[in-house]
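Protein chains: 2
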Amino acid sequence: MDKLKKMIVEKGEIREGNILKVDSFLNHQLDAGFLYEMGEEFYRLFKDRGITKILTIEVSGIAVAIMAALIFKVPVVFAKKTQSLNLDKDVYVGKVHSYTKNKEYNIMISKRYLSSDDKLLIIDDFLAEGSAMRGLIGMAGQSGAEVRGIGVVIEKGFQNGGECLRSEGYNIESLAIVDDMKDGKIIFRED
Amino acid sequence: MDKLKKMIVEKGEIREGNILKVDSFLNHQLDAGFLYEMGEEFYRLFKDRGITKILTIEVSGIAVAIMAALIFKVPVVFAKKTQSLNLDKDVYVGKVHSYTKNKEYNIMISKRYLSSDDKLLIIDDFLAEGSAMRGLIGMAGQSGAEVRGIGVVIEKGFQNGGECLRSEGYNIESLAIVDDMKDGKIIFRED
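Listed in order, the protein sequences are those of chains F and A. For the first sequence, our numbering assigns the number 1 to the initial residue and increments by one for each residue that follows. For the second sequence, our numbering assigns the number 1 to the initial residue and increments by one for each residue that follows.
These are calculated hints, taken from the structure and not from any lab test. Incorrect hints may appear among the rest.
Calculated Cβ distances over 12 Å to all of chain F for the following chain A residues [stated by the list, open to error]:
| id | residue |
| --- | --- |
| 1 | D23 |
| 2 | V77 |
| 3 | V96 |
| 4 | Q159 |
| 5 | R166 |
| 6 | G169 |
Listed below are the simulated DSSO-like cross-link pairs for lysine-lysine, each with C-alpha atoms no more than 30 Å apart in a straight line [said to hold, decoys possible]:
| id | chain 1 | residue 1 | chain 2 | residue 2 |
| --- | --- | --- | --- | --- |
| 7 | A | K185 | F | K89 |
| 8 | A | K73 | F | K47 |
| 9 | F | K111 | F | K89 |
| 10 | A | K103 | A | K47 |
| 11 | A | K11 | F | K182 |
| 12 | A | K95 | F | K73 |
| 13 | F | K89 | A | K95 |
| 14 | A | K103 | F | K3 |
| 15 | A | K81 | F | K111 |
| 16 | F | K81 | A | K81 |
| 17 | F | K111 | F | K5 |
| 18 | F | K21 | A | K11 |
| 19 | A | K185 | A | K47 |
| 20 | F | K95 | F | K81 |
| 21 | F | K73 | F | K119 |
| 22 | A | K47 | A | K89 |
| 23 | A | K47 | F | K89 |
| 24 | A | K6 | F | K11 |
| 25 | A | K182 | A | K73 |
| 26 | F | K3 | A | K21 |
| 27 | F | K185 | A | K21 |
| 28 | A | K21 | A | K95 |
| 29 | F | K119 | A | K21 |
| 30 | A | K185 | F | K3 |
| 31 | A | K47 | F | K111 |
| 32 | F | K21 | F | K6 |
| 33 | F | K81 | A | K47 |
| 34 | F | K47 | F | K81 |
Even glycine gets a Cβ: it sits at the ideal position worked out from N, Cα and C.
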């Protein structure tokens with residue numbers, strides 16, 4: 001998605017530890033119109049897959065997932081990272097390692113909102129090592145739901161999450177793949 | 001908003017400790033089309049206020065705030081609850097007590113995304129004691145931004161957050177106000 005690559009070059013900031021900060025439109029401040037365009041792009045890519053539900057993970061997946069859901073006309077379910085008094089006790093549980101927060105944690109989805117009838121599109125803002133994605137796929141598996149596609153806003157192509165998942169047959173579409181960001185310069189994979 | 005009241009009656013669940021669970025469309029599974037309608041309603045209520053930015057707080061405020069932002073054609077900024085390696089060091093800090101999670105915590109907004117030029121609409125999913133709202137208003141104050149309106153999806157009218165804020169002159173519009181939920185029955189305030 002050319003506009004996304006342009007935004008990453010213009011507004012992205014490279015930080016120590018292979019962190020690409022895109023806080024001005026995706027992770028802290030949210031550009032609603034642009035996120036809607038990302039939703040349209042995911043619709044174009046996955047519209048023939050019979051998607052019944054979009055699955056994502058709090059926090060930064062929610063805004064882009066809900067825009068896609070508006071266009072697909074399906075619900076979103078987001079996996080929760082913390083046990084709240086409000087959450088059902090009967091949940092699917094996935095394990096995730098966060099590299100930016102440097103800790104392991106469980107993610108949860110109430111069993112009410114994921115079932116073997118669901119044909120899922122999983123959407124997230126970033127794909128790097130793929131730990132959060134593995135957690136989501138694991139919970140989909142527990143529920144019997146089928147993962148029909150994975151939509152990612154920014155994939156870090158120099159980490160191997162995307163490659164491993166593709167080699168297992170998952171249909172992953174990333175709106176931008178960053179292959180390198182050495183010396184402050186961002187190199188995208190060609191479409 | 002009649003449709004919201006109907007959804008609360010049909011899908012809401014009352015839990016111990018005055019908790020109203022609306023996980024099927026607002027807090028875990030998200031009904032994108034319905035959240036868009038809420039955004040339209042907030043636009044109708046606040047469109048003449050010269051809003052330049054919508055402010056909310058992770059997690060459950062984000063989906064409804066981004067829908068409103070799509071219609072207002074302004075950005076959203078969401079306050080963060082945890083210190084991530086990704087967040088700027090230069091932040092506004094607010095204090096919040098969560099009754100559902102039973103703890104105190106800080107919320108943060110990067111100083112880059114809130115300034116004295118901003119005319120804010122604050123949007124959140126629930127207003128009860130108003131602790132999160134106070135935290136957001138406090139950060140707006142630190143930045144010099146003006147709070148021109150507060151939009152709430154569900155206000156718990158039997159707790160005093162809304163009443164106190166209104167008495168201080170804040171322009172609060174709640175799409176549904178629950179005045180009582182004793183004995184499993186939900187009583188709404190008349191419009």
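How the hints compare with the structure:
Separation of D23 (chain A) from chain F is inadequate, the least Cβ-Cβ distance of about 7 Å not exceeding the 12 Å criterion. At roughly 5 Å, the least C-beta separation between V77 (chain A) and chain F is not larger than 12 Å, which violates its mark as non-interface. Chain F leaves V96 (chain A) outside its interface by the beta-carbon criterion, the shortest separation being 14 Å against a cut-off of 12 Å. Its beta-carbon lying about 16 Å from the closest one in chain F, Q159 (chain A) satisfies the requirement of being farther than 12 Å from that chain.
Distance check on R166 (chain A): its Cβ is at least 26 Å (rounded) from any Cβ of chain F, clearing the 12 Å threshold; non-interface status holds. Residue placement check: G169 (chain A) keeps its beta carbon more than 12 Å from all beta carbons of chain F (closest about 27 Å). For the proposed pair K185 (chain A) and K89 (chain F), the alpha carbon gap of about 23 Å is at most 30 Å, so the pair holds. Only pairs whose Cα atoms come within 30 Å are accepted, and K73 (chain A) paired with K47 (chain F) is accepted, the gap being roughly 26 Å.
At roughly 9 Å between alpha-carbon atoms, K111 (chain F) and K89 (chain F) fall within 30 Å of each other, so this suggested pair holds. Of the supplied pair hints, the one linking K103 (chain A) and K47 (chain A) is violated, its CA atoms being roughly 36 Å apart against a limit of 30 Å. With a C-alpha separation of about 51 Å, the suggested pairing of K11 (chain A) with K182 (chain F) is violated against the 30 Å cut-off. Pair hint K95 (chain A) plus K73 (chain F) does not hold up; C-alpha atoms about 37 Å apart against a cutoff of 30 Å.
Distance hint between K89 (chain F) and K95 (chain A) is fulfilled; the C-alpha atoms sit about 29 Å from each other, no more than 30 Å. Annotation: proposed proximity of K103 (chain A) to K3 (chain F) is violated, straight-line Cα distance about 41 Å (limit 30 Å). Between K81 (chain A) and K111 (chain F), the direct Cα distance comes to roughly 26 Å. Compliance with the 30 Å bound is thereby established for this hinted pair. Restraint check for K81 (chain F) and K81 (chain A): the C-alpha separation of about 12 Å stays at or below 30 Å, so the hint holds.
For the suggested pair K111 (chain F) and K5 (chain F), the alpha carbons sit about 37 Å apart, so the restraint of at most 30 Å is broken. Only pairs whose Cα atoms come within 30 Å are accepted, and K21 (chain F) paired with K11 (chain A) is rejected, the gap being roughly 38 Å. Between K185 (chain A) and K47 (chain A) the CA atoms are separated by roughly 34 Å; this puts the pair beyond 30 Å, and the hint is violated. Restraint check for K95 (chain F) and K81 (chain F): satisfied, since their Cα atoms lie roughly 10 Å apart, inside the 30 Å limit.
The straight-line distance between the Cα atoms of K73 (chain F) and K119 (chain F) is roughly 14 Å, inside the 30 Å bound, and the hint therefore holds. For the given pair, K47 (chain A) sits about 34 Å from K89 (chain A) by alpha-carbon distance, which is inconsistent with the 30 Å threshold. For the suggested pair K47 (chain A) and K89 (chain F), the alpha carbons sit about 41 Å apart, so the restraint of at most 30 Å is broken. Distance check on the hinted pair: K6 (chain A) and K11 (chain F) sit about 43 Å apart at the alpha-carbon level, beyond 30 Å; violated.
Under the criterion of a C-alpha separation no larger than 30 Å, the hint pairing K182 (chain A) with K73 (chain A) is inconsistent with the structure, at around 40 Å. Under the criterion of a C-alpha separation no larger than 30 Å, the hint pairing K3 (chain F) with K21 (chain A) is inconsistent with the structure, at around 39 Å. Of the supplied pair hints, the one linking K185 (chain F) and K21 (chain A) is violated, its CA atoms being roughly 47 Å apart against a limit of 30 Å. Our distance criterion of 30 Å between C-alpha atoms is met by K21 (chain A) and K95 (chain A), whose separation comes to about 24 Å.
A C-alpha spacing of about 26 Å is found between K119 (chain F) and K21 (chain A), which places the hinted pair at or below 30 Å, so the restraint holds. Distance check on the hinted pair: K185 (chain A) and K3 (chain F) sit about 50 Å apart at the alpha-carbon level, beyond 30 Å; violated. Between K47 (chain A) and K111 (chain F) the CA atoms are separated by roughly 39 Å; this puts the pair beyond 30 Å, and the hint is violated. A C-alpha spacing of about 14 Å is found between K21 (chain F) and K6 (chain F), which places the hinted pair at or below 30 Å, so the restraint holds.
A distance of roughly 35 Å separates the Cα atoms of K81 (chain F) and K47 (chain A); the hinted pair therefore is violated under the 30 Å criterion. Pair hint K47 (chain F) plus K81 (chain F) holds up; C-alpha atoms about 29 Å apart against a cutoff of 30 Å.
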